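Colleague: The hints should help you fit chain C onto chain Y, whose structure is shown.
Read off the chains here:
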Amino acid sequence: MSQTPILKTEGLTHTYGAGTPFETVAIHDVDLSVYPGEFIGLVGHTGSGKSTLIQHLNGLVKPTGGRVLVGGEDLQSSKETLRNARFRVGLVFQYPEYQLFEETVYKDIAFGPKNMGLVGEDVDRRVHEAAGFAGVPEEMLDKSPFDLSGGEKRRVAIAGVIAMRPEVLILDEPLAGLDPKGCEDILAHIQEYHTSTGAAVIMVTHSMEAAARVSDRIVVMHKGTVAMEGTSKEVFSRGEALRAMGLEIPAVTKVLLRLRELGVDVDPAAFTVEDAAKAIVRLKGGHNLC
Amino acid sequence: MLKDITLGQYFPGNTPVHRLDPRTKILLVILFIAALFTAKSYFSYGAVIVFLALSVAISKIHVKALFKGLKPLFIIILITGILNVLYTKGETVLLSFWVITITLEGIRTAVFMILRIMLLVSGTFLMTYTTSPIALTDGLERLLNPLKKIRVPVHELSMMMSIALRFIPTLIEETDKIMSAQKARGADFETGGLVKRAKALLPILVPLFVGAFRRADELATAMESRCYHGDKGRTRMKVLRMTGSDAFALILGVLLLAGVIVLAVFGL
Chain Y
1 MSQTPILKTE GLTHTYGAGT PFETVAIHDV DLSVYPGEFI GLVGHTGSGK
51 STLIQHLNGL VKPTGGRVLV GGEDLQSSKE TLRNARFRVG LVFQYPEYQL
101 FEETVYKDIA FGPKNMGLVG EDVDRRVHEA AGFAGVPEEM LDKSPFDLSG
151 GEKRRVAIAG VIAMRPEVLI LDEPLAGLDP KGCEDILAHI QEYHTSTGAA
201 VIMVTHSMEA AARVSDRIVV MHKGTVAMEG TSKEVFSRGE ALRAMGLEIP
251 AVTKVLLRLR ELGVDVDPAA FTVEDAAKAI VRLKGGHNLC
Chain C
1 MLKDITLGQY FPGNTPVHRL DPRTKILLVI LFIAALFTAK SYFSYGAVIV
51 FLALSVAISK IHVKALFKGL KPLFIIILIT GILNVLYTKG ETVLLSFWVI
101 TITLEGIRTA VFMILRIMLL VSGTFLMTYT TSPIALTDGL ERLLNPLKKI
151 RVPVHELSMM MSIALRFIPT LIEETDKIMS AQKARGADFE TGGLVKRAKA
201 LLPILVPLFV GAFRRADELA TAMESRCYHG DKGRTRMKVL RMTGSDAFAL
251 ILGVLLLAGV IVLAVFGL
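Note that the protein sequences, when read in sequence, are chains Y and C. The letter at position 23 of the first sequence is residue 23 when you use the working numbering, and the numbering goes up by one with no holes. The letter at position 188 of the second sequence is residue 188 when you use the working numbering, and the numbering goes up by one with no holes.
I should point out that these hints are in silico values taken from the structure, not numbers from a laboratory. Just so we're clear, the structure is a prediction, and the values are computed from it rather than from any experiment. There could be a bad hint or two in this list.
[Stated by the list, open to error] As a list, the in silico DSSO-like pairs of lysine-lysine whose alpha-carbon atoms are at most 27 Å apart:
1. Y/278 to Y/223
2. C/149 to C/238
3. Y/254 to Y/284
4. Y/62 to Y/223
5. C/199 to Y/114
6. C/199 to Y/79
7. Y/254 to Y/278
8. C/40 to C/89
9. Y/223 to Y/233
10. Y/181 to Y/254
11. C/148 to C/232
12. Y/143 to Y/181
13. Y/114 to Y/181
14. C/177 to Y/79
15. C/196 to Y/79
16. Y/107 to Y/8
17. C/177 to Y/8
18. C/199 to Y/107
19. Y/223 to Y/8
20. C/199 to Y/62
21. C/177 to C/199
22. Y/223 to Y/254
23. Y/233 to Y/8
24. C/196 to Y/107
25. C/71 to C/177
26. C/68 to Y/62
27. Y/62 to Y/79
28. C/177 to Y/223
29. C/177 to Y/114
30. C/196 to Y/114
31. Y/143 to C/71
32. C/68 to C/149
33. C/89 to Y/62
34. C/232 to Y/62
35. C/177 to Y/143
36. Y/62 to C/196
37. C/177 to Y/107
38. C/71 to C/60
39. Y/114 to Y/143
One chain only, chain Y, in its complex shape (with noise of 0.2 Å):
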């Protein structure tokens, strides 16, 4: 890609505890780059650095080495600088339900635009939109965020982060603890927050199989350092590598080299059920699954 990178982190490092008995060395020397446009899966195995790394991409957490630049800015060189790259690069906590405090809805995804300084209409535009893309219905608006189930908590949090209309929107494990209908949904509306805004992405997940569907791009992270980067493919074919780092291939793609293993010439780089019917399917001869 030829374009500047909207986020861009250098020899990124970070070490908890520095100097006492509990030091660790949570993150190092990351390098990352974030295109606009972009949607990047972050995945790796518990304690790899993958949340310490994203709360220093809008500057809630301070590098003790490296730096992070957001449109070409050094996020640390201005408290002015800071505060508007929170609203650039919105972040989206795991498990977000837990954070609305409002008494409505509404009010909850206002704070964020309140907080950028829009009054009025502008705020009023943004929380309608925004709920929009995160699939919260308008009769939802005048509710208690109390009131309301775990995944519609967590669709009203996303809507939260999305009414400051982030240039970049991270979302930690978005995913975490719901059902396949729910996961499904949620999806969707990250995606079509993506390909209508033109927003990067950057999700990090657990599940190679959501990482592997909606990415352009996957990263993975390892001991605090950026292990592998790229399409799913390039990633998803370096199965034992991964496998050392404690993850998984997906499921399908596991079927697949299964089949090559027992003979059968069908193509393993397919990471959707939808993507490995249709390779089985071609190998039958046929031409497509519809």
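Modeller: Leaving out everything else, chain C in the frame of chain Y:
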């Protein structure tokens, strides 16, 4: 930030001090405090300091850790010192100008008061540093057992205490998380006047309370589904047993208090 709170922190270890029965340690702290408040002379303070220093040395707790615990009290210690220097009446005037008179007695009292606070805090911290909160509440419950006769709900109180202690780190972690989440939405906790800052806390407090109630509810369900129904017929995984070293430590503690009392009686 919030994680720096050392209250109730426990440094695991396997020294003779760690191995003492929690009841012994609670009693020792009481004896220690009694001795500290009886002490009036350099000699008796010396005895108390030696006692604490020995315990610290055996426990292998870093002196640094103890001083870290004293840090939040720095201002209180400072004010106590200054007030004592200024307001103690004495004969040997060292310095006098305007309304300020500093006497030798004043300085002496101030030094003793500061020492007293520091020793008091260090002594109790040594106990919490070397005893796990669970063992501590267990010990407290056993010590207060006789009060059950007059219907004091000792078991319930100590259960509440251990649950409260157990949830301090969880709540701190949760507060940190909620703060980060709200900051990510542009919340500002650092600027503005008092009213604005108090209002800014709302987005933290509401989710924190909601979360605490949810946790309490979940915990109650979990305890009930494991058939918890209070004190009756409840046995313990770790039965507390006093050993020879407990007796030895208690004798030392009693000797310390007795010694300090004797010194005080003789006006030393």
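Colleague: Run every hint past the structure and note whether it holds.
Modeller: Comparing the hints with the structure gives:
{"no.": "1", "hint": "Y/278 to Y/223", "in the structure": "violated (36 Å)"}
{"no.": "2", "hint": "C/149 to C/238", "in the structure": "holds (24 Å)"}
{"no.": "3", "hint": "Y/254 to Y/284", "in the structure": "holds (19 Å)"}
{"no.": "4", "hint": "Y/62 to Y/223", "in the structure": "holds (19 Å)"}
{"no.": "5", "hint": "C/199 to Y/114", "in the structure": "holds (14 Å)"}
{"no.": "6", "hint": "C/199 to Y/79", "in the structure": "holds (22 Å)"}
{"no.": "7", "hint": "Y/254 to Y/278", "in the structure": "holds (16 Å)"}
{"no.": "8", "hint": "C/40 to C/89", "in the structure": "holds (17 Å)"}
{"no.": "9", "hint": "Y/223 to Y/233", "in the structure": "holds (23 Å)"}
{"no.": "10", "hint": "Y/181 to Y/254", "in the structure": "holds (24 Å)"}
{"no.": "11", "hint": "C/148 to C/232", "in the structure": "holds (12 Å)"}
{"no.": "12", "hint": "Y/143 to Y/181", "in the structure": "holds (23 Å)"}
{"no.": "13", "hint": "Y/114 to Y/181", "in the structure": "violated (32 Å)"}
{"no.": "14", "hint": "C/177 to Y/79", "in the structure": "holds (21 Å)"}
{"no.": "15", "hint": "C/196 to Y/79", "in the structure": "holds (19 Å)"}
{"no.": "16", "hint": "Y/107 to Y/8", "in the structure": "violated (33 Å)"}
{"no.": "17", "hint": "C/177 to Y/8", "in the structure": "holds (24 Å)"}
{"no.": "18", "hint": "C/199 to Y/107", "in the structure": "holds (15 Å)"}
{"no.": "19", "hint": "Y/223 to Y/8", "in the structure": "holds (20 Å)"}
{"no.": "20", "hint": "C/199 to Y/62", "in the structure": "holds (26 Å)"}
{"no.": "21", "hint": "C/177 to C/199", "in the structure": "holds (19 Å)"}
{"no.": "22", "hint": "Y/223 to Y/254", "in the structure": "holds (25 Å)"}
{"no.": "23", "hint": "Y/233 to Y/8", "in the structure": "holds (24 Å)"}
{"no.": "24", "hint": "C/196 to Y/107", "in the structure": "holds (18 Å)"}
{"no.": "25", "hint": "C/71 to C/177", "in the structure": "holds (26 Å)"}
{"no.": "26", "hint": "C/68 to Y/62", "in the structure": "holds (24 Å)"}
{"no.": "27", "hint": "Y/62 to Y/79", "in the structure": "holds (12 Å)"}
{"no.": "28", "hint": "C/177 to Y/223", "in the structure": "holds (22 Å)"}
{"no.": "29", "hint": "C/177 to Y/114", "in the structure": "holds (21 Å)"}
{"no.": "30", "hint": "C/196 to Y/114", "in the structure": "holds (14 Å)"}
{"no.": "31", "hint": "Y/143 to C/71", "in the structure": "violated (47 Å)"}
{"no.": "32", "hint": "C/68 to C/149", "in the structure": "violated (41 Å)"}
{"no.": "33", "hint": "C/89 to Y/62", "in the structure": "violated (52 Å)"}
{"no.": "34", "hint": "C/232 to Y/62", "in the structure": "violated (52 Å)"}
{"no.": "35", "hint": "C/177 to Y/143", "in the structure": "holds (25 Å)"}
{"no.": "36", "hint": "Y/62 to C/196", "in the structure": "holds (25 Å)"}
{"no.": "37", "hint": "C/177 to Y/107", "in the structure": "holds (21 Å)"}
{"no.": "38", "hint": "C/71 to C/60", "in the structure": "holds (20 Å)"}
{"no.": "39", "hint": "Y/114 to Y/143", "in the structure": "holds (19 Å)"}
Violation of the numbered hints given earlier is confined to hints 1, 13, 16, 31, 32, 33 and 34; the remaining hints are satisfied by the structure.
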